[in-house]
Amino acid sequence: MKFGILVQEGPYNHEASDSAYNFIQASLARGHEITGVFFYNDGVINATKLMDIPADDRHISKRWSELGSKGVQLIVCVAAAKRRGINQNVLIENARIDGLGQLSELCIESDRLVTFGD
Amino acid sequence: MEESKTRKIMFVNRKAPHGSIYAYEGLEVILIFGAYDQEISAVFLDDAVLSLKKGQDNQRRLPGRCRSLPEKRAGYQ
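These protein sequences, in sequence, are chains A and B.
Residues in the first sequence are numbered from 1 upward in steps of one, following the numbering used here.
Residues in the second sequence are numbered from 1001 upward in steps of one, following the numbering used here.
No lab work stands behind these hints: they were computed from the structure.
Just so you know, even glycine gets a beta-carbon here, dropped at the ideal spot from N, CA and C.
Treat the hints with care, as some may be off.
Unchecked claim - The calculated lysine to aspartate or glutamate pairs, modelled on EDC-like cross-linking and capped at a C-alpha distance of 16 Å, are:
#: 1; chain 1: B; residue 1: K1008; chain 2: B; residue 2: E1039
#: 2; chain 1: B; residue 1: K1005; chain 2: A; residue 2: D111
#: 3; chain 1: B; residue 1: K1005; chain 2: A; residue 2: E105
#: 4; chain 1: A; residue 1: K62; chain 2: A; residue 2: E93
#: 5; chain 1: A; residue 1: K62; chain 2: A; residue 2: D52
#: 6; chain 1: B; residue 1: K1005; chain 2: B; residue 2: D1037
#: 7; chain 1: A; residue 1: K2; chain 2: A; residue 2: D111
#: 8; chain 1: A; residue 1: K2; chain 2: A; residue 2: E105
#: 9; chain 1: A; residue 1: K70; chain 2: A; residue 2: E93
#: 10; chain 1: A; residue 1: K49; chain 2: A; residue 2: E93
#: 11; chain 1: A; residue 1: K70; chain 2: A; residue 2: E33
#: 12; chain 1: A; residue 1: K82; chain 2: B; residue 2: E1028
#: 13; chain 1: A; residue 1: K82; chain 2: A; residue 2: D98
#: 14; chain 1: B; residue 1: K1008; chain 2: A; residue 2: E105
#: 15; chain 1: B; residue 1: K1008; chain 2: B; residue 2: D1037
#: 16; chain 1: B; residue 1: K1005; chain 2: A; residue 2: E109
#: 17; chain 1: A; residue 1: K62; chain 2: A; residue 2: D18
#: 18; chain 1: A; residue 1: K49; chain 2: A; residue 2: E66
#: 19; chain 1: B; residue 1: K1008; chain 2: A; residue 2: E109
#: 20; chain 1: B; residue 1: K1005; chain 2: B; residue 2: E1039
#: 21; chain 1: B; residue 1: K1008; chain 2: A; residue 2: D111
As the list claims (entries may be wrong) - With the Cβ distance kept under 10 Å, some of the chain A side facing chain B (calculated, not the full set):
#: 22; residue: Y40
#: 23; residue: D42
#: 24; residue: R83
Said to hold, decoys possible - One side of the interface only, derived from the structure: several residues of chain A facing chain B at Cβ under 8 Å:
#: 25; residue: N41
#: 26; residue: A79
#: 27; residue: A80
Next up, chain B with everything else stripped away, as it sits in the complex (with noise of 0.2 Å):
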């Protein structure tokens, strides 16, 4: 690897965060970068504006993690 530099990396999410899995892999993918210091930053276009919501349930009646989590993990605000 080059020198240690550091890469300003954004992530585009476009899916609403209920109904596939796109939202979790895509807070997973996040959550993992969160150990590498770099600069992150995310953005939410489209269905995944939802994502931001308050208030949901993210618990009941939605299959395993076909859901959102924004209020189950810290720092994703």
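With the rest of the complex left out, here is chain A (with noise of 0.2 Å):
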């Protein structure tokens, strides 16, 4: 099946992008296909570099970034970056900033969007 995913929350705060990124790897390793990853409200910070993580507990933009270079596209809202102070210059490799038509375009292309969020 191929899955579009949206993630609402930020990092650490919640539990939804842990839960996003856990339900990719099973997916995945089922040979589904995931079709693309929106970040949307809170969800948009998932994707700065400039975060700094104790070494014992999980790095969840440098995840999200390793994913991306598995060929997982990462789409990161415009809008809500803007908002939030994610641009171009912290934003982590293998992830884009575009618009919300892309998430659009995720719902067309997929069979499901699971959406992960509060």
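From the two separate chains plus the hints, produce the assembled complex.
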């Protein structure tokens, strides 16, 4: 099945981002396709490379970037990102900033859009 | 993209219209989707039902976009 993923909450503050990541890993392991991950609301903060995490904890943005390097497209909403200080300069590698129209495209391309939020 | 098929997309609104940006950004995404030719609907659950209450003062006393806009945008009823 083709899954589109929507992440609406920021990292560390909320489980949504972790759940989304685990869902994606499980889906890929089962042979499903991830059409893309869209970060909206505070979810855009998942895509900053400025986070500095203690060694014994998961590094959420690095984890997303590694997923992106495997070919999963990571899209950060431009409007939500601008409000929260996320721009090209602080963006993790393998992610891109784009418009809400891309979320619409994800909905159309995917069999299901799975939302992770509060 | 596959052949131009119409998707049924429902937006689930669950947050109160005031006090957070969820309602505003939720409205923003619905408006963008309106530009695409899809079957769109919105459901209001939990505190989001308050978004549909008429006669709300959504301009005063609330910071920035932490307020509902039901009477400011046409077609959002």
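Each hint tested on the structure:
A hinted pair counts as satisfied when its Cα atoms are at most 16 Å apart, and K1008 of chain B with E1039 of chain B qualifies at roughly 5 Å. For the suggested pair K1005 of chain B and D111 of chain A, the alpha carbons sit about 12 Å apart, so the restraint of at most 16 Å is met. Between K1005 of chain B and E105 of chain A the CA atoms are separated by roughly 11 Å; this keeps the pair inside 16 Å, and the hint holds. Simply put, K62 of chain A and E93 of chain A have alpha-carbon atoms about 9 Å apart, close enough for the 16 Å limit, and the pair holds.
The suggested pairing of K62 of chain A with D52 of chain A holds, with an alpha-carbon distance near 10 Å, which does not exceed 16 Å. Proximity of K1005 of chain B to D1037 of chain B is assessed by CA-CA distance (about 9 Å); at most 16 Å being required, the pair is judged to hold. For the hint pairing K2 of chain A with D111 of chain A, the CA-to-CA distance comes to about 5 Å; that is within 16 Å, so the pair holds. For the hint linking K2 of chain A to E105 of chain A, the alpha-carbon distance of about 13 Å falls within 16 Å, and the restraint holds.
Annotation: proposed proximity of K70 of chain A to E93 of chain A holds, straight-line Cα distance about 12 Å (limit 16 Å). Simply put, K49 of chain A and E93 of chain A have alpha-carbon atoms about 8 Å apart, close enough for the 16 Å limit, and the pair holds. Taking the CA atoms of K70 of chain A and E33 of chain A, the gap is near 12 Å; set against the 16 Å cutoff, the hint holds. For the suggested pair K82 of chain A and E1028 of chain B, the alpha carbons sit about 14 Å apart, so the restraint of at most 16 Å is met.
Between K82 of chain A and D98 of chain A, the direct Cα distance comes to roughly 11 Å. Compliance with the 16 Å bound is thereby established for this hinted pair. A threshold of 16 Å between alpha carbons decides the hint, and for K1008 of chain B with E105 of chain A the separation of about 13 Å falls inside it, so the pair holds. A hinted pair counts as satisfied when its Cα atoms are at most 16 Å apart, and K1008 of chain B with D1037 of chain B qualifies at roughly 10 Å. Proximity of K1005 of chain B to E109 of chain A is assessed by CA-CA distance (about 9 Å); at most 16 Å being required, the pair is judged to hold.
About 13 Å separates the Cα atoms of K62 of chain A and D18 of chain A, which keeps this hinted pair within 16 Å; it holds. Taking the CA atoms of K49 of chain A and E66 of chain A, the gap is near 12 Å; set against the 16 Å cutoff, the hint holds. In summary, the hint linking K1008 of chain B to E109 of chain A is supported, as the alpha carbons are separated by about 12 Å, within the 16 Å threshold. Simply put, K1005 of chain B and E1039 of chain B have alpha-carbon atoms about 10 Å apart, close enough for the 16 Å limit, and the pair holds.
Distance hint between K1008 of chain B and D111 of chain A is fulfilled; the C-alpha atoms sit about 11 Å from each other, no more than 16 Å. This hint holds: Y40 of chain A has a C-beta 7 Å from the nearest C-beta of chain B, less than the 10 Å allowed. Look at D42 of chain A: its Cβ gets to within about 9 Å of chain B, closer than 10 Å, so that hint holds up. Taking 10 Å as the C-beta cut-off, the interface hint given for R83 of chain A holds, the closest approach to chain B being about 8 Å.
Proximity of N41 of chain A to chain B holds as hinted, the smallest CB-CB distance being about 6 Å (cut-off 8 Å). Evaluation of the A79 of chain A hint against chain B yields a held restraint, the C-beta minimum of about 7 Å falling below 8 Å. Contact between A80 of chain A and chain B, as hinted, is supported at the beta carbon level, the nearest pair being about 6 Å apart and thus within 8 Å.
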